[in-house]
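**Student:** Here is what each chain is made of, one letter per residue.
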Amino acid sequence: MTGIIQMQDIFLSVAVIIVIASFVSLYRGIEGPGIFNRIIAVNVIGTKTIVLLVLIGFIYERPDFFDIALVYAILNFIMTIAATRY
Amino acid sequence: MFDSIIIIIVVLLLLIGLFFMLAGTIGFVRFPDFYSRMHATGKCDTLGEGLMLFALIIYETGYEGLFKGDLQHASFVSIKIILLILFILLANPTSTHAIAKAAHDVGLQPWKKTDETQWMYDQDSGTDEVINGGEIK
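So the protein lines, in turn, are chains A and B.
Numbering-wise, the numbering used here puts 40 at position 40 of the first sequence, and it's gapless, one number per residue.
Numbering-wise, the numbering used here puts 128 at position 128 of the second sequence, and it's gapless, one number per residue.
Chain A on its own, in the form it takes in the complex:
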């Protein structure tokens, strides 16, 4: 039951569902009325991408992806604050 391959399959399934959810969010980003819906769509997709990067780091067993996820979180936060200030 507890093989390492099986856990990686579970992580891969969760990652695929997150990708589908981010594409559903992209609909609101393209279609949504007003600039604020687009800003919040970018924020939501960035939030999903952080979890996706950590899951990819677990699937391929490469810890470098956690640093990339941290940097992506900081960039996402700064981008949102800059867009709202503008």
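In case anyone wonders, no lab produced these hints; they're calculated from the structure.
Any given hint might turn out to be false.
[Said to hold, decoys possible] One-sided and incomplete, this derived list gives chain A residues near chain B with beta-carbon spacing under 7 angstroms:
| hint | residue |
| --- | --- |
| 1 | S13 |
| 2 | I20 |
| 3 | A21 |
| 4 | R28 |
| 5 | I39 |
| 6 | N43 |
| 7 | G46 |
| 8 | T49 |
| 9 | P63 |
| 10 | F66 |
| 11 | Y72 |
| 12 | T80 |
[As the list claims (entries may be wrong)] Which stretches of chain B does chain A cover? Using the computed rule of at least three CB atoms under 8 angstroms from a CB of chain A, they are:
| hint | segment |
| --- | --- |
| 13 | 30 to 42 |
| 14 | 52 to 59 |
| 15 | 81 to 91 |
| 16 | 97 to 104 |
The beta-carbon is built from N, C-alpha and C at its ideal position, and this holds for glycine as well.
Once you have looked at the hints, place chain B on chain A.
**Tutor:** Chain B alone, transformed into the frame defined by chain A:
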């Protein structure tokens, strides 16, 4: 035995986090107003992401660390993910508050239930510049 318990806890936390994230996405697409959409995404995304990263911490510490004997590498990875969770818990409500404050300053009106047809007419004809049917204060 202990191995199986850790795996079950990890999968359960992953599924709960995935449920919150999907609920946030559905609310983001289906809700009628900008503010209610932000209500859905701001809570569900933060909670779903926190739970999923917490599940990954339990997996790394319990499975990789205790059973494979690589505890130093496991704690190194876990501290990084804990930093990521702390940063997200700080940054995500801050950005949500900033977006809401910017929208309120521009003059985006909240959705009222009485003028539903008028709202649909306004949102259908809205572009990037004309927010809320041209009623910018």
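**Student:** For each hint, tell me whether it holds in the structure or not.
**Tutor:** Hints versus structure:
1. At a threshold of 7 angstroms, the smallest CB-CB gap from S13(A) to chain B is about 9 angstroms, leaving the interface hint violated.
2. For I20(A), the interface hint is violated, the least distance from its beta-carbon to any beta-carbon of chain B being 9 angstroms, above 7 angstroms.
3. The interface hint given for A21(A) is met, as the beta carbon of that residue sits about 4 angstroms from the closest beta carbon of chain B, less than 7 angstroms.
4. The restraint placing R28(A) at the interface with chain B holds, with a minimum CB-CB distance near 5 angstroms, inside the 7 angstroms limit.
5. A least Cβ separation of about 6 angstroms between I39(A) and chain B falls short of the 7 angstroms threshold, and the interface hint therefore holds.
6. Because the beta carbon of N43(A) sits about 6 angstroms from the nearest beta carbon in chain B, less than 7 angstroms, this interface hint is met.
7. A hinted interface residue such as G46(A) counts as satisfied when its beta carbon comes closer than 7 angstroms to some beta carbon of chain B; here the least separation is about 10 angstroms, so the hint is violated.
8. Annotation: interface hint on T49(A) violated; nearest CB of chain B at approximately 11 angstroms, more than 7 angstroms.
9. For P63(A), the suggested interface contact is upheld, since its CB lies about 5 angstroms from the closest CB of chain B, less than 7 angstroms.
10. Checking F66(A) against chain B by beta carbon gives a least distance of about 4 angstroms; that is within 7 angstroms, so the hint holds.
11. Hint status for Y72(A): violated, given a least beta-carbon distance of 10 angstroms to chain B, over 7 angstroms.
12. Because the closest C-beta pair between T80(A) and chain B is about 4 angstroms apart, less than 7 angstroms, the hint holds.
13. Restraint check on the segment 30 to 42 of chain B versus chain A: 4 residues with Cβ-Cβ distances below 8 angstroms, three needed, restraint holds.
14. For the segment 52 to 59 of chain B, the stated coverage by chain A is satisfied: 4 residues place a CB nearer than 8 angstroms to a CB of that chain, which reaches the threshold of 3.
15. Residues of the segment 81 to 91 of chain B with a Cβ under 8 angstroms from some Cβ of chain A number 6, which satisfies the need for three, so the listed coverage holds.
16. With a threshold of 8 angstroms between beta carbons, the proposed coverage of the segment 97 to 104 of chain B by chain A holds, since 5 of its residues qualify and at least three are required.
Hint check: violations occur at hints 1, 2, 7, 8, 11; the rest are consistent with the structure.
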